[in-house]
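Chains as they are written, first to last, in the numbering used here: chain A, 1 to 327; chain B, 1 to 749.
Quick caveat, the hints were computed from the structure, so don't treat them as lab data. The structure displayed is predicted, hence computed values, not measured ones. Where a beta carbon is used, it is the ideal one built from N, C-alpha and C, also for glycine. Be aware that a few hints might be false.
As the list claims (entries may be wrong) - Computed footprint of chain A on chain B, listed as stretches where at least three residues anywhere in the stretch have a Cβ under 8 Å from a Cβ of chain A:
#1 124 to 133
#2 185 to 192
#3 619 to 628
#4 678 to 691
Claimed, not checked - Derived lysine-lysine pairs resembling DSS-like cross-links, with alpha carbons at most 25 Å apart:
#5 LYS310/A x LYS734/B
#6 LYS24/B x LYS39/A
#7 LYS303/A x LYS404/B
#8 LYS310/A x LYS242/B
#9 LYS150/B x LYS39/A
#10 LYS321/A x LYS255/A
#11 LYS300/A x LYS150/B
#12 LYS184/B x LYS24/B
#13 LYS24/B x LYS303/A
#14 LYS321/A x LYS745/B
#15 LYS745/B x LYS303/A
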Amino acid sequence: MNQFQYLRPTKPKAAIDALARDTNAQFIAGGTNLLDLMKRGVMAPQKLVDINKLPLDKIEKQNDSLRIGALALNSTVAEDKLVLERHPLLAQALNAGASAQLRNMATVGGNMLQRTRCHYFYDTALPCNKREPGSGCGALEGFNRMHAIFGFSDKCIAVHPSDMSVALVALDAAVLVSGPKGDRRIAFADFHRLPGDTPQKDTNLEQGELITAVEVPDSPFTKNVHYLKVRERASYAFALVSVAAALSLDGQTIKDARLAMGGVAHKPWRLSEAEKSLIGKPATEATFRQAADIAMRGAKAFKYNEYKLKLAPNAIVQALKNAASVA
Amino acid sequence: MKEQLLQDGKAVGDRLSRVDGRLKVTGAAKYSAEYELPGLVHGVLVGSTVAKGRITSIDTKAAERAPGVLAVITHLNSPKVPGFAAKSNPDEPPTIGQPLRVFYDEKIYFNDQPIALVVADTLERARYAARLVKTQYAAEQHRTNFEANKSRAFLPTQAKRNPKSAQNDYTRGQADGYQNAPVKLEAEYVHESEMHNPMELQSIIAHWEAPDRLTVYDKVQAVKGTQRAFAKDWGLPEDHVKVIATFVGGAFGNGLHNWPHETAAIIGAKVTNRPVKVVLTREQMFTMVGYRPKTWQRIQMGATKDGKLVGISHESVGQTSTYEEFTESTVQQTRMMYAAPNVSTRYRILGLDISTPIWMRGPGEATGAFALESAIDEMAHLIGMDPLEFRLRNHTDTDPEKNKPWSTKYLKECFQAGADRIGWNKRQLKPGALREGDWLVGYGMGVGTFGANRGSAKARAALLADGSVVLQSATTDIGPGTGTAMVQIASDALGLPTDKIRFELGNSLFPQAPSQGGSSTVNTVGSAVNDACLALKKKLQELGGTSFANVQPEQLTLTGGQLGLKANGGPRMSFADLRKANNGQDIEVTIESKPDGSTRQNYSMYSFSVHFAEVKVHTMTGEVRVTKMVSCADAGTIVNQKTAGSQMIGGAIGGIGMALTEGAVMDDRFGRYVTKDLADYHVPVHADAPPVEVFFVNKPDTLVDPLGTKGIGEIAIIGVAPAITNAIFNATGKRIRELPITPDKVLLA
Ligand SMILES: Cc1cc2nc3c(=O)[nH]c(=O)nc-3n(C[C@H](O)[C@H](O)[C@H](O)COP(=O)(O)OP(=O)(O)OC[C@H]3O[C@@H](n4cnc5c(N)ncnc54)[C@H](O)[C@@H]3O)c2cc1C
């Protein structure tokens with residue numbers, strides 16, 4: 001870990017200013033990701049701006065949405081009455097992540113911005129374009145069991161590890177940010193990026209921009225939802241593949257659907273075509289299988305993640321079955 | 001209550017809670033890294049980033065200039081460790097060869113080999129400065145890929161030197177006689193290296209109390225062995241080296257060898273003339289201490305259609321480093337478990353550019369049992385027989401390897417108890433026949449065995465002025481509850497309540513005891529404690545004078561602060577008077593206990609276990625959940641049902657890790673592990689641990705030792721992994737022979 005300066009502003013503006021003037025500064029919220037990365041020497045900010053004193057932890061009902069402050073804890077959000085009532089999919093996704101101890105520290109903003117768990121990113125002795133642009137992608141021909149099957153580039157095949165984000169992208173959430181140039185609103189689907197030639201950039205957040213909240217619009221997806229996470233042990237492991245599935249049913253007919261996957265791409269992977277294919281159809285395994293086939297179009301595997309081509313569609317079917325309570 | 005039990009002579013067998021439990025849960029127990037010595041400073045190790053080659057330059061200037069740094073030690077400036085100079089070639093298993101000589105020269109033998117120690121006034125500053133050390137290498141082509149190099153495997157030197165070594169090839173009956181059987185199978189089994197990840201990280205504080213007097217607070221399983229090793233390294237008389245390991249936060253075998261970080265800390269303390277603490281990081285646990293080595297095995301087996309084994313051939317290749325030959329008893333169980341007339345075993349090791357492995361709980365036997373017990377299950381399936389019935393048909397009442405009677409063997413009782421408890425009758429002969437919703441359900445079993453070893457040990461027993469008895473022996477407690485068991489043994493031997501007895505361990509000043517390993521501590525040290533207590537009682541009897549002269553020692557009690565008789569009435573003498581008779585001194589004895597060699601010659605002594613597992617396998621995702629386990633042990637007398645039960649549960653969960661989640665991944669292009677923290681290297685979590693029911697036969701084997709114990713630690717895990725993999729086969733019809741069985745393997749099988 002390097003030496004660093006530490007600031008703890010109480011006003012968002014002060015926090016933004018502190019970062020705007022210093023490209024080598026970082027916000028720190030729960031610290032559950034950033035501190036690990038600093039200890040491994042993967043990140044070495046000269047200045048940490050602790051945002052925990054900012055008044056950004058409220059969960060509030062708005063006209064047609066729920067606004068969740070960026071500093072709301074993962075555990076608080078997962079247990080919040082409004083969240084459970086209106087967006088149970090989000091609560092399920094949060095509870096599938098990390099461990100109870102981590103969720104008690106982790107914040108909504110920090111969760112979205114957690115960095116990939118790619119082994120090559122974490123080990124400074126190995127090549128990684130995300131950590132050190134130009135050094136090469138260690139995973140491309142290396143141990144890539146956890147890696148992407150969609151949207152990767154030859155520079156980077158890492159996946160985004162957040163569970164929460166998979167639910168948020170499915171629920172059409174928006175990210176509210178404040179920055180040196182003022183406030184803006186980013187659709188969740190546009191928040192994370194594909195690696196392309198600049199895998200060092202995980203998101204479209206600009207230098208110095210502070211996430212203040214996410215807004216989750218009201219929706220009919222309050223009942224038939226399921227977050228399925230497939231992992232190597234029963235708890236406390238990152239997803240091999242995860243699926244956020246939400247259905248709005250009229251009897252046995254699907255009126256509307258939402259579907260997204262985690263563990264398959266550099267960003268939470270929304271499956272819009274598959275969603276469309278579900279609408280108007282009966283909630284049966286056959287319908288779900290056909291949606292899964294559509295979802296998998298364009299998927300491509302590497303040496304060690306071939307299994308995802310089988311696991312991902314199965315997980316989609318299973319998540320939809322669970323959402324619809326189809327035995 | 002306790003007095004009551006005592007009168008029945010039953011402290012042994014009681015469910016006494018751990019005598020040090022309170023210290024542990026309140027944080028009062030001091031582990032190696034927790035001693036606060038004046039002037040203590042912190043050392044952080046820098047690891048190499050190539051797997052083989054030479055250091056061509058190592059720039060430490062920036063690190064030396066960093067705030068708080070006291071020293072940066074490398075091969076260029078390290079004081080010479082006297083014991084390193086002689087090209088020693090210790091003949092001691094398990095690692096014939098040359099243990100890594102830290103900071104000795106520019107040679108690199110494995111990736112993340114310690115190449116520098118940065119010592120600073122705080123841990124954070126040492127850690128920061130460690131990042132500033134810049135090293136250049138002349139890298140050489142490394143060999144880390146097991147499969148690609150398997151043909152280079154060789155017979156261990158130990159076997160070459162000693163024709164009697166168990167590592168030699170073995171044949172009973174006809175070589176590869178399995179071939180003549182009507183039903184044959186051949187299968188290969190592999191498991192990846194399993195890394196030692198006990199809760200407590202490997203740690204040491206090294207303190208030169210004088211230029212020729214060294215004290216270490218060290219996380220080890222052998223305080224005496226460590227004392228000898230460091231005395232030899234530094235050319236000191238043994239009694240100038242003191243080793244303290246009062247508490248050990250789990251070790252499972254990794255404290256049975258001394259590792260580079262220990263010597264690095266001792267060197268650091270020498271250079272800075274301060275006590276130096278070195279605690280490995282979790283990532284360093286993957287390279288700087290040993291691990292269960294990746295092993296390939298092949299079983300060839302033949303049987304008759306009615307379920308009689310004709311022959312088994314078992315071949316095994318385990319990996320080791322290029323500088324030490326680590327060996328273990330991978331093929332042992334195959335030689336003695338079943339009544340097969342023709343058995344051939346071959347054990348080989350493969351030197352790779354990696355760090356040296358070490359025993360991990362149930363060492364080679366757990367590895368071997370995975371192959372053997374899987375193959376037994378495969379054969380039972382081939383001939384369409386229940387695998388429990390198949391095992392019974394090949395049960396043997398004498399040791400077919402040594403042609404000797406077993407000292408005791410109650411494996412059949414274990415089979416019965418386990419089958420009843422798991423509900424074996426629910427198991428279907430045909431795989432894939434049981435289903436619950438989206439999950440397939442299956443049942444499997446696996447047998448384990450481990451030698452009931454006993455060595456020699458000394459113990460000291462002293463009656464103190466307050467009427468309590470203190471016992472000392474230089475053993476350690478890596479978790480099983482050694483002190484608790486010893487107090488129970490002493491309580492029965494002395495006729496004194498357990499709360500009046502203290503057992504001290506983990507200090508090289510105490511009387512000689514071997515390492516805590518090989519499931520032998522109760523057999524070995526327990527016997528010494530028992531003998532020391534009996535000798536103490538004898539001494540008290542003598543001090544008691546004529547009124548006690550004709551009493552049988554078993555009739556004596558020490559309750560109520562006096563020497564007396566079990567029967568009412570009779571002579572009494574207070575401890576105060578006994579001390580007076582001893583010139584006012586503590587009354588003490590030190591005794592050495594040794595096994596009776598001729599008895600050991602005449603019998604074959606083993607503990608046995610059988611594990612039953614119920615698993616569920618998800619049809620869509622390939623996830624496996626162990627939903628129930630039953631572990632049964634024939635381990636002789638059970639000194640403490642509670643702590644022994646905990647050992648069995650721990651072993652079962654360790655076995656779940658072996659079967660389903662644990663396995664280090666090496667990227668051979670770099671010769672470097674890529675999964676090396678607890679987020680990537682998966683040990684089972686609570687949610688993976690099912691209810692584990694434990695059954696003990698609890699029948700004494702007094703041929704092993706006077707207490708009748710046989711040992712539990714290893715058999716708790718040996719046979720667990722195949723119980724689970726066999727259950728997966730029963731659930732799905734998929735036979736997966738590579739551990740760990742992660743969902744991807746299930747899906748693609
Ligand atoms: C062992 C382990 C297992 C885990 N398993 C899972 C899992 O299964 N699923 C899962 O989803 N997650 C998992 N996590 C990750 C965990 O969810 C994240 O570490 C956590 O959500 C990060 O939140 P934080 O508040 O601690 O972020 P921090 O570590 O404080 O920050 C992370 C990043 O976000 C930036 N940041 C934080 N807040 C803001 C803000 N308001 N505006 C702008 N930038 C901000 C910081 O500058 C930093 O770069 C695991 C973590 C660990 C250590």
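Consistency of the hints with the structure:
1. 124 to 133: holds (count 4)
2. 185 to 192: violated (count 0)
3. 619 to 628: holds (count 5)
4. 678 to 691: It holds, with 8 qualifying residues against the three required.
5. LYS310/A x LYS734/B: holds (17 Å)
6. LYS24/B x LYS39/A: Violated: LYS24/B and LYS39/A sit about 29 Å apart, past 25 Å.
7. LYS303/A x LYS404/B: Not OK: LYS303/A and LYS404/B at ~52 Å, beyond 25 Å, violated.
8. LYS310/A x LYS242/B: Answer violated: LYS310/A to LYS242/B is near 59 Å, above 25 Å.
9. LYS150/B x LYS39/A: Measuring from Cα to Cα gives roughly 37 Å; hence the hint is violated.
10. LYS321/A x LYS255/A: holds (15 Å)
11. LYS300/A x LYS150/B: Violated: LYS300/A and LYS150/B sit about 32 Å apart, past 25 Å.
12. LYS184/B x LYS24/B: violated (53 Å)
13. LYS24/B x LYS303/A: violated (46 Å)
14. LYS321/A x LYS745/B: holds (24 Å)
15. LYS745/B x LYS303/A: This hinted pair holds, its Cα atoms lying about 14 Å apart.
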